[in-house]
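Peer 1: What follows is each chain in one-letter form.
There are 2 protein chains.
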Amino acid sequence: MSVTDEYLENNARYAASFTGPLPLPPAKGVAVVACMDARLNVYGILGLAEGEAHVIRNAGGVVTDDEIRSLAISQRLLGTTEIILIHHTDCGMLTFTDDGFRRSIQEETGIKPTWAAEAFPDLDEDVQQSIARIKASPFIPHTESVRGFVFDVATGKLIEVVS
Amino acid sequence: MSVTDEYLENNARYAASFTGPLPLPPAKGVAVVACMDARLNVYGILGLAEGEAHVIRNAGGVVTDDEIRSLAISQRLLGTTEIILIHHTDCGMLTFTDDGFRRSIQEETGIKPTWAAEAFPDLDEDVQQSIARIKASPFIPHTESVRGFVFDVATGKLIEVVS
Numbered sequence: 001m002s003v004t005d006e007y008l009e010n011n012a013r014y015a016a017s018f019t020g021p022l023p024l025p026p027a028k029g030v031a032v033v034a035c036m037d038a039r040l041n042v043y044g045i046l047g048l049a050e051g052e053a054h055v056i057r058n059a060g061g062v063v064t065d066d067e068i069r070s071l072a073i074s075q076r077l078l079g080t081t082e083i084i085l086i087h088h089t090d091c092g093m094l095t096f097t098d099d100g101f102r103r104s105i106q107e108e109t110g111i112k113p114t115w116a117a118e119a120f121p122d123l124d125e126d127v128q129q130s131i132a133r134i135k136a137s138p139f140i141p142h143t144e145s146v147r148g149f150v151f152d153v154a155t156g157k158l159i160e161v162v163s
Numbered sequence: 001m002s003v004t005d006e007y008l009e010n011n012a013r014y015a016a017s018f019t020g021p022l023p024l025p026p027a028k029g030v031a032v033v034a035c036m037d038a039r040l041n042v043y044g045i046l047g048l049a050e051g052e053a054h055v056i057r058n059a060g061g062v063v064t065d066d067e068i069r070s071l072a073i074s075q076r077l078l079g080t081t082e083i084i085l086i087h088h089t090d091c092g093m094l095t096f097t098d099d100g101f102r103r104s105i106q107e108e109t110g111i112k113p114t115w116a117a118e119a120f121p122d123l124d125e126d127v128q129q130s131i132a133r134i135k136a137s138p139f140i141p142h143t144e145s146v147r148g149f150v151f152d153v154a155t156g157k158l159i160e161v162v163s
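Keeping their order, the protein sequence lines are chains P and C. In terms of the numbering used here, the first sequence opens at residue 1 and continues consecutively. In terms of the numbering used here, the second sequence opens at residue 1 and continues consecutively.
No lab work stands behind these hints, which were simulated from the structure alone. None of these values were measured; they are calculated from a predicted model. A hint or two may mislead.
Unchecked claim - Heads up, simulated SDA-like pairs for lysine to any residue below, C-alpha to C-alpha not over 25 angstroms straight-line:
1. P:K157 / C:R133
2. P:K157 / C:K157
3. C:K135 / P:T4
4. C:K135 / P:K28
5. P:K112 / C:R133
6. C:K135 / P:T143
7. C:K112 / P:T4
8. P:K135 / C:I111
9. P:K112 / C:G47
10. C:K157 / P:T4
11. P:K112 / C:T64
12. C:K112 / P:T143
13. P:K28 / C:D152
14. C:K28 / P:T143
15. C:K112 / P:K112
16. C:K112 / P:K28
17. C:K135 / P:S2
18. C:K28 / P:K28
19. P:K28 / C:A12
20. P:K112 / C:K28
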């Protein structure tokens, strides 16, 4: 049995105690942008309940055009106004470089990606970079509350990155 | 008090009962790509535990260059081999068009985004589109288990999209 099949069995248990549909717009008006890392259970870390917040995630929790797209839809069409960014300690993105990653793909497949891998050498600096990209975007109307954090995978704590 | 501050209080409670660091590579070898929708608690829906799977999310759960980037890092550097895609009923992406969204931004800000909003008129078709984009990418080595689902926000069930 594949892991996907295991998870489908879990879903049958989840659905058995599921209580009705919630409204589409996030009740708390928040969008979270976090790393895809397996140890970041954003629902546990923030105490998020179903229906409260948009959750956007990718490798690194970085802000590229696709996160600007998602945040623009979140704020313009679904009414969110606060943004929470979460990077974390022991991140895989600290362990390689853009040049090396793209070179290794080119050597194996013959094709070099047109996109950057978005690796970074410093957590706080990259959180600040993500905040700067959001604030510089003409497409994100609400940037009064854009706050960035580093999640410590050893302690479970969020540490705010202050510019 | 902002919602962000409320969530930071929740985090203090989470950290109080947090048990040590887990390994970086996802223990179950799975990457999930899901919509950012507030009602999709991916941990609950799949019964995911901390440390098991990468979770990638954006508006619609669509596959753009940034999801290819994240999946390439997930598979090439961190050993995942299965991919689970999750769209859902009552999705905001069904309620507008790319042309209309980009036009409204242009009218308000004077600038038209260079990216598509990735709105879609049909859930099953867009799940299949996401699977097709993954399978067509030269950068994703493992495409033997790429399965797509629609989450029903009324029942809590995942329904598989069969091509």
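Peer 1: State for each hint whether it applies.
Peer 2: So, going through the hints one by one against the coordinates:
1. In summary, the hint linking P:K157 to C:R133 is not supported, as the alpha carbons are separated by about 37 angstroms, beyond the 25 angstroms threshold.
2. The suggested pairing of P:K157 with C:K157 is violated, with an alpha-carbon distance near 32 angstroms, which exceeds 25 angstroms.
3. With a CA separation close to 18 angstroms, the supplied pair C:K135 and P:T4 stays within the 25 angstroms bound.
4. A C-alpha spacing of about 37 angstroms is found between C:K135 and P:K28, which places the hinted pair above 25 angstroms, so the restraint is violated.
5. Under the criterion of a C-alpha separation no larger than 25 angstroms, the hint pairing P:K112 with C:R133 is consistent with the structure, at around 17 angstroms.
6. For the given pair, C:K135 sits about 37 angstroms from P:T143 by alpha-carbon distance, which is inconsistent with the 25 angstroms threshold.
7. Pair hint C:K112 plus P:T4 does not hold up; C-alpha atoms about 40 angstroms apart against a cutoff of 25 angstroms.
8. A distance of roughly 16 angstroms separates the Cα atoms of P:K135 and C:I111; the hinted pair therefore holds under the 25 angstroms criterion.
9. The straight-line distance between the Cα atoms of P:K112 and C:G47 is roughly 37 angstroms, outside the 25 angstroms bound, and the hint therefore fails.
10. At roughly 14 angstroms between alpha-carbon atoms, C:K157 and P:T4 fall within 25 angstroms of each other, so this suggested pair holds.
11. Of the supplied pair hints, the one linking P:K112 and C:T64 holds, its CA atoms being roughly 17 angstroms apart against a limit of 25 angstroms.
12. A distance of roughly 19 angstroms separates the Cα atoms of C:K112 and P:T143; the hinted pair therefore holds under the 25 angstroms criterion.
13. For the hint linking P:K28 to C:D152, the alpha-carbon distance of about 22 angstroms falls within 25 angstroms, and the restraint holds.
14. Under the criterion of a C-alpha separation no larger than 25 angstroms, the hint pairing C:K28 with P:T143 is inconsistent with the structure, at around 37 angstroms.
15. Straight-line distance between C-alpha atoms of C:K112 and P:K112 comes to about 29 angstroms, which puts the hinted pair past the 25 angstroms bound.
16. Only pairs whose Cα atoms come within 25 angstroms are accepted, and C:K112 paired with P:K28 is rejected, the gap being roughly 29 angstroms.
17. Restraint check for C:K135 and P:S2: satisfied, since their Cα atoms lie roughly 19 angstroms apart, inside the 25 angstroms limit.
18. With a C-alpha separation of about 32 angstroms, the suggested pair C:K28 and P:K28 falls outside the 25 angstroms cut-off, and the hint is violated.
19. Proximity of P:K28 to C:A12 is assessed by CA-CA distance (about 19 angstroms); at most 25 angstroms being required, the pair is judged to hold.
20. With a CA separation close to 29 angstroms, the supplied pair P:K112 and C:K28 exceeds the 25 angstroms bound.
Figure legend: structure checked against the earlier numbered hints; hints not met, in rising order: 1, 2, 4, 6, 7, 9, 14, 15, 16, 18, 20.
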